[in-house]
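Peer 1: Sequence:
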Amino acid sequence: MALTDYSHHKRHELVSFDDIDYANFTDVEKARDSMLREQWIRTQSLRVTHEALRKCRQYHEDDAQKNCRPLVMKYMKMIESYGVQGYLGYQKNDPSK
0 MALTDYSHHK
10 RHELVSFDDI
20 DYANFTDVEK
30 ARDSMLREQW
40 IRTQSLRVTH
50 EALRKCRQYH
60 EDDAQKNCRP
70 LVMKYMKMIE
80 SYGVQGYLGY
90 QKNDPSK
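FYI, in numbering that gives the first Met the number 0 the residues of the sequence shown are 0 to 96.
The set of hints was computed from the structure by calculation and includes no laboratory data. One or more of the hints may lead you astray.
Said to hold, decoys possible - Derived CB-CB ranges, DEER-like: (1) 50 - 17: 31 to 39 Å; (2) 15 - 55: 33 to 41 Å; (3) 17 - 61: 46 to 54 Å.
Only a predicted model underlies this, so the values are computations on that prediction, with no experimental measurement involved. The beta carbon of each residue, even a glycine, is placed where N, CA and C say it ideally should be.
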């Protein structure tokens with residue numbers, strides 16, 4: 000089985016609302032896309048962690064509370080800050096403006 004080579008993979012540019020000119024719509028659109036992409040990635044990592052926690056609880060059954068504690072703590076910490084917010088709230092309340 001061959002390993003996948005990601006050396007040719009192009010990473011998308013991270014664009015912040017703090018660094019753009021709001022008069023240029025293409026910059027605003029790039030910042031929106033960047034923010035939504037990062038939120039989607041965080042949401043997917045939250046899903047993966049939730050699925051791992053579910054499998055851990057299913058596997059350990061009676062001892063799940065003890066054996067799955069690190070996953071529970073990680074999941075709880077992720078839930079606090081990984082919510083999807085969209086870009087409009089941040090864009091309208093941008094502190095740099």
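Peer 1: Of all the hints given earlier, name the ones this structure violates by number, lowest first.
Peer 2: none
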